[in-house]
Amino acid sequence: MNAPMNFEKGSPSGSSRERLVVIGNGMAGCRAVEEILARDPGRFDVTIFGAEPRVNYNRIMLSPVLAGEKTFDEIVINTQEWYDDKRITLVSGDKVDSIDREHKRVVAASGRIEPYDKLLIATGSDPFIIPVPGKDLDGVVTFRDLDDVDKMVAAAGKGGSAVVIGGGLLGLEAAHGLNLRGMQVTVIHLMPTLMERQLDEAAGWLLKTELERRGQTILTGANTKEIVGKDGKVSAVRLEDGTEIPADIVVMAVGIRPATALAREAGLEVERGIMVDDHMVTSDPSVLAVGECVQHRGLCYGLVAPLWDMCRALADHVTENPTGYLGSVTSTKLKVSGIDLFSAGDFSGGEGCEDIVMRDASRGVYKRVIVKENKVLGAVLYGDTADGSWYFDLMKKGEDVSDIREALIFGQAFASGGALADPNAAVAALSDDAEICGCNGVSKGQVVSCINDGAHSLDAVRSTCKASASCGSCTNLVESLLSLTLGGEVESGPKTMCKCTSFTHGDVRKHIVEKGLREIPQVMQELHWTTPDGCASCRPALNYYLLCAWPGEYVDDQKSRFVNERMHANIQKDGTYSVVPRMWGGLTNPKELRAIADVVEKYNAPMVKVTGGQRLDIFGIKKEDLPAVWADLNAAGMVSGHAYGKSLRTVKTCVGSEWCRFGTQDSTGLGVQIEHMTWGSWMPHKFKIAVSGCPRNCAEATIKDFGVVCVDSGYELHIAGNGGIKVRATDLLCKVETEQEALDVCAAFIQLYREEAWYLERTAPWVERVGLDYVKDRLAEEGAIEHYAARFRYSQQFMQDDPWAKRAAGEHEKLHQHLAEVRPYPGAKMENA
Amino acid sequence: MIGNWLDIGPVTQIEPGTARTLPVVGGEEIAVFHTMRNEFFAIRNKCPHKQGPLSQGIVHGDVVTCPLHNWNISLRSGKALGEDEGCVPTIPLKVDAGRIYLLRSAVIGGGDEAAVQQATQDKAA
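If you read the sequences in order, they're chains R and H.
Using UniProt numbering, the first residue of the first sequence is number 1, and each one after it goes up by one.
Using UniProt numbering, the first residue of the second sequence is number 1, and each one after it goes up by one.
None of these hints come from the bench; they were simulated from the model.
Every residue gets a Cβ at the ideal spot worked out from N, C-alpha and C, and that includes glycine.
Among the hints, a few may not be true.
Calculated pairs, DSBU-like style, for lysine-lysine (alpha carbon to alpha carbon, straight line, at most 35 Å) [what the hints assert, rightly or not]:
(1) Lys94/H <-> Lys495/R
(2) Lys50/H <-> Lys806/R
(3) Lys230/R <-> Lys158/R
(4) Lys94/H <-> Lys397/R
To list a few chain R residues with every Cβ distance to chain H over 10 Å, as calculated [stated by the list, open to error]:
(5) Glu196
(6) Asp802
(7) Ala805
(8) Ala809
(9) Arg823
Which residues of chain R face chain H? A partial, calculated answer using Cβ under 7 Å [to be verified]:
(10) Asp400
(11) Leu819
(12) Pro824
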């Protein structure tokens with residue numbers, strides 16, 4: 001700050017030292033100088049320009065300063081004495097305005113001119129400001145330097161609400177600090193999971209849950225539209241969906257970008273960052289660059305660890321002992337006290353990659369190690385990060401892990417235990433009183449004697465001594481004991497839900513209800529899924545089970561839906577869709593028929609067909625035309641026929657007593673009533689109903705999931721018929737006397753099926769699996785019909801809004817629209833090929 | 001350099017776990033995927049089995065399951081996984097500063113021919 005102007009100083013006139021000018025008094029600039037001085041203290045006269053009016057400090061420790069865990073003095077790296085001692089001229093609070101490469105000098109904002117022999121650019125990065133209205137209001141801050149921290153601390157002193165835009169590393173650390181300082185904090189994150197660059201969905205969910213538990217509000221998938229101000233000061237943040245969140249301070253922490261303006265204006269080669277070679281030399285041999293502002297081998301880094309390597313290579317180069325920088329592998333930890341989280345390397349998976357996942361719900365642990373060709377490629381750890389550095393080390397060294405592969409996920413202590421690296425050997429070495437199942441307090445000895453007494457499968461062990469029957473985290477231990485005790489004679493248990501879990505559909509359903517699991521990532525964590533985000537089999541099943549268990553509460557996960565249910569139409573072999581509007585009980589009228597005819601003509605549908613379920617199917621509709629088609633059908637009073645869903649399909653009827661000379665009851669009217677009661681309900685599989693007016697059974701009610709056959713004395717109610725691959729006639733469930741009873745039994749049966757069948761299990765195989773008597777007994781219990789029917793009707797409150805109407809009004813419009821259309825200009829292929 | 005890359009808009013226009021389509025006049029429609037692990041991929045929107053629209057499949061990891069007959073296709077390589085054999089052309093994609101870019105020549109040429117050739121060789125071998 002008080003350094004003399006030193007135009008005359010320098011190599012040509014006196015001192016034999018070269019002049020090194022450093023732009024940037026941050027971690028990279030100072031570290032580079034330290035490294036150079038350590039190698040050759042007499043080589044340079046050093047001048048450092050810093051835009052901030054203070055000495056060099058540890059920027060990554062600003063989070064603890066904000067959180068009140070450290071003071072500024074504690075994070076200073078180099079004091080003024082250090083600069084003085086090393087005879088470094090520190091020009092702080094004076095920003096360099098331009099680089100004059102022709103005359104080899106820099107010009108600062110104060111007018112100060114400093115010539116150089118070697119120039120080092122270490123300008124770091126700038127916070128990215130999202131270009132929304134209100135971004136310049138008083139009270140909108142970034143999180144980059146001590147001034148930002150001071151502003152946040154001052155705001156927190158007054159209490160009130162803070163909104164942090166950005167749920168990445170920096171944003172969450174800011175939110176944590178403000179939360180600790182007593183503010184009501186809301187984090188707005190554009191992506192669906194927090195820290196998506198570092199964490200997968202499973203770990204992101206755990207993190208979100210923990211932060212919410214600490215009182216923060218976390219809004220994911222939320223897009224900031226505007227920062228609202230009052231008298232020039234921030235007052236709220238408005239989201240795209242209209243939500244307004246009050247805010248006394250808004251922290252913008254959506255990311256950083258390399259600060260390259262100075263280098264760009266000086267004509268240096270710049271892409272995303274300042275281009276450097278392996279010795280940190282820019283396109284001008286006299287100009288070096290280091291830190292977050294550079295781009296090396298196509299990569300820009302925003303973490304501190306690569307800086308050390310870059311500075312080493314730079315110092316080696318300028319002291320003429322070049323070693324070169326080869327790029328860095330980085331790891332991340334979140335500096336939020338009490339949250340253990342580690343991420344390193346590539347965790348996106350890929351060709352030939354193998355995920356090893358371990359979850360321990362009782363301890364809140366999720367570990368995932370990605371292995372490819374016997375090498376660790378990446379790791380994501382939540383809740384227990386003790387082995388993070390070990391995995392990171394294996395990864396950086398590219399060590400062959402084939403010898404410890406089986407025990408890798410259990411960590412270093414276990415995997416490097418020699419013979420213990422074999423999990424079976426490790427289990428064999430346990431003493432008889434070692435606890436296997438913590439939930440039910442079952443020891444190894446108890447499990448082994450239960451196996452010796454005849455429990456030869458996992459399921460048998462679970463039902464006899466209860467080991468692994470609760471949370472399931474000891475499943476692999478029990479499996480090891482089975483194979484140790486029985487050798488190769490372990491009986492495989494019932495089929496698990498899919499390859500992602502050792503639980504059956506029944507177990508999963510039971511646990512969802514008993515443990516109150518409410519989201520897909522929560523089920524996967526609590527039930528120890530062995531994959532990070534499930535597969536095409538388990539996701540739709542879990543989505544259904546949660547929807548069924550928590551009506552009105554669970555938010556349907558569109559991405560876990562099969563295409564037909566996502567698009568509310570049936571995909572055909574050519575990729576177009578067929579559309580079936582509901583015709584209640586197979587009845588229609590001129591208005592509906594006219595609307596269908598108009599749609600067919602307007603959208604050039606190549607075919608219309610009468611379906612087996614007594615309605616009309618319009619074929620060949622393009623996905624982008626679907627919302628308009630639905631709007632036209634809605635206008636004629638028609639709603640979705642759910643011909644595409646694992647849901648109630650049709651209620652087929654005959655004409656009944658109103659017209660038919662044999663009819664005994666009003667089968668058409670009852671069918672319409674049943675359809676009004678049941679439409680829109682999601683089920684384990686498709687569900688068809690029919691009502692026949694007499695035993696001649698024109699509506700074919702005895703091959704439906706639920707069939708009503710009217711007789712003179714009332715209604716015979718049939719269940720579990722199927723007209724598909726394997727024809728199955730229904731079983732008679734019961735006979736009732738009134739329409740109301742028929743409706744109630746129908747609702748009750750459907751609800752029992754909805755709550756107990758496995759996903760993709762039609763009523764016929766379900767009833768065969770559990771037995772007709774079981775179903776009869778369940779429904780014959782005191783009050784069972786009322787109970788189940790009431791549950792069904794409650795759930796239906798939330799299901800009976802027409803999905804087509806919502807889509808026609810613009811919901812999920814992205815699902816229907818193309819991104820854009822590419823129209824290559826003539827000859828483009830040849831020119832670009 | 002930039003001229004070789006076709007800007008198809010911001011990353012936010014594709015919800016994670018889904019895909020959107022990009023018709024090419026006179027060429028093959030492209031499906032652009034955003035996985036739940038926050039990666040982006042572009043492949044031709046046609047399953048090698050029966051030409052099902054892969055953009056409409058369920059996405060899990062870096063795999064899409066074709067909506068027509070449940071073939072699993074690697075979004076990374078375009079190859080059919082498991083017992084099935086076949087390959088769909090991939091289109092080189094990059095994300096820069098929040099925007100998605102596709103390699104122009106591959107968009108117009110209908111995909112990465114090298115990938116198709118490689119798959120053909122693999123099958124022959």
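Unmet hints by their number, sorted upward, for this structure: 1, 5, 9, 10
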